[in-house]
Each structure stands twice: as C-alpha cells, then as structure tokens.
Amino acid sequence: MRHKVAGFKLKREVGHRKALLRNLATSVIDAERVVTTVPKAKAVKPLVEHLITLAKQDTLHSRRQAAAVLRTPGSVKKLFDSLGTRFGQRSGGYTRIVRLGPRKGDGAEQAMIELVGSELVKRAADRAKRKEERLKAQREGREHEEEADEEKE
Numbered sequence: 001m002r003h004k005v006a007g008f009k010l011k012r013e014v015g016h017r018k019a020l021l022r023n024l025a026t027s028v029i030d031a032e033r034v035v036t037t038v039p040k041a042k043a044v045k046p047l048v049e050h051l052i053t054l055a056k057q058d059t060l061h062s063r064r065q066a067a068a069v070l071r072t073p074g075s076v077k078k079l080f081d082s083l084g085t086r087f088g089q090r091s092g093g094y095t096r097i098v099r100l101g102p103r104k105g106d107g108a109e110q111a112m113i114e115l116v117g118s119e120l121v122k123r124a125a126d127r128a129k130r131k132e133e134r135l136k137a138q139r140e141g142r143e144h145e146e147e148a149d150e151e152k153e
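Residue 45 in our numbering sits at position 45 of the sequence shown; the count goes up by one each step and never skips.
Please keep in mind that the hints were generated in silico from the structure rather than gathered at the bench. Among these hints, one or two may not hold up.
As the list claims (entries may be wrong) - Subject to a maximum C-alpha distance of 25 Å in a straight line, what follows is the list of computed BS3-like cross-link-like pairs (lysine-lysine): (1) Lys42 - Lys122; (2) Lys77 - Lys56; (3) Lys78 - Lys42; (4) Lys18 - Lys77; (5) Lys40 - Lys18; (6) Lys40 - Lys78; (7) Lys56 - Lys42; (8) Lys45 - Lys78; (9) Lys42 - Lys18; (10) Lys122 - Lys77; (11) Lys42 - Lys11; (12) Lys40 - Lys4.
Assemble the whole structure, with the sequences as input and the hints as a guide.
See below:
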C-alpha cells in the first residue's frame, strides 16, 4: 500500500531533485511551454500550480515565497504581473500535460507541460505581428507608388 507516500523521487538525491524541479518550474513560467519526460512533468505540475496560486494573492509574503523557489527575478515578475492576473478568475488547473511519444535517443516517454491559455496568448501575438507587417508592407507599397508617380511627372 502507498499510504503517506507523496511526490516523485526521479532517481535523484534530495538536493539534485530540488534543483531540477526549481529549474523546471522557472522554465515553465518563463517559456509557458516546456518539453520534458512524463515523470518530470508530473512532478513539477503541483509546484507550478502552487506558484500561480501564490501569484493570485499578490502580497509581499507570497512574492517572497515564490522568489524562494524560482531562479530569476524576471520569472517572479512575470508570474505576479501577467500570470497572476491571467488566472485570477480560474480556481485551479493552470497547467496541462500533453504526451508526445518516445524520445529518439533513449526511448523515454516525452511530454509537454504548458500553461493553459498560452496558445491563445501566442496566437494573438502572432496575429498582431502579422497585421503589423501587412500594414507596414502596404505603407511601403504606397510609398513606392507615390515615388513612381513623382518620377513620371
């Protein structure tokens, strides 16, 4: 029976495991999508969920608790400024694990852990970038037409 057995050991000693999970949590918050193995993704999911719950409170104490786990000040800033407000109305389930199949080198089962809604944010950013490029191309095209008209006169 598995009474009172919690967490994943990941075949590592305590310090190595803590460092791995802290680095992975920082990467998930920074990039919003990380490809790793399935056990690592399952191990880091509760940590990331807890950090986002702390970000929803946005107190000095919760910022210090998050800073104790995350590696970079930029990730703490992003967590509290953008992610805390994005998930403010959501009561849980901030991350998703998608299985990707075996890794080519050693056959380890790969998974992608991502923040829910990150695909919408990235899609909106891509759409805005394409629109900006289209407008810029149109302006340049019109400028070329105006220059051609001036040369004819």
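Taking the hints in turn, this is what the structure says about them:
1. Taken as a hint, the Lys42 and Lys122 pair is honoured in the structure, with Cα atoms around 24 Å apart against an allowance of 25 Å.
2. In summary, the hint linking Lys77 to Lys56 is supported, as the alpha carbons are separated by about 13 Å, within the 25 Å threshold.
3. A threshold of 25 Å between alpha carbons decides the hint, and for Lys78 with Lys42 the separation of about 23 Å falls inside it, so the pair holds.
4. The hinted pair formed by Lys18 and Lys77 meets the criterion: a straight-line CA distance of about 22 Å does not exceed 25 Å.
5. Of the supplied pair hints, the one linking Lys40 and Lys18 holds, its CA atoms being roughly 12 Å apart against a limit of 25 Å.
6. About 23 Å separates the Cα atoms of Lys40 and Lys78, which keeps this hinted pair within 25 Å; it holds.
7. The hinted pair formed by Lys56 and Lys42 meets the criterion: a straight-line CA distance of about 22 Å does not exceed 25 Å.
8. For a cut-off of 25 Å, the pair hint linking Lys45 to Lys78 stands: about 18 Å separates their Cα positions.
9. A threshold of 25 Å between alpha carbons decides the hint, and for Lys42 with Lys18 the separation of about 14 Å falls inside it, so the pair holds.
10. A threshold of 25 Å between alpha carbons decides the hint, and for Lys122 with Lys77 the separation of about 19 Å falls inside it, so the pair holds.
11. Between Lys42 and Lys11, the direct Cα distance comes to roughly 14 Å. Compliance with the 25 Å bound is thereby established for this hinted pair.
12. Annotation: proposed proximity of Lys40 to Lys4 holds, straight-line Cα distance about 20 Å (limit 25 Å).
In this structure, none of the earlier numbered hints is contradicted; all agree with it.
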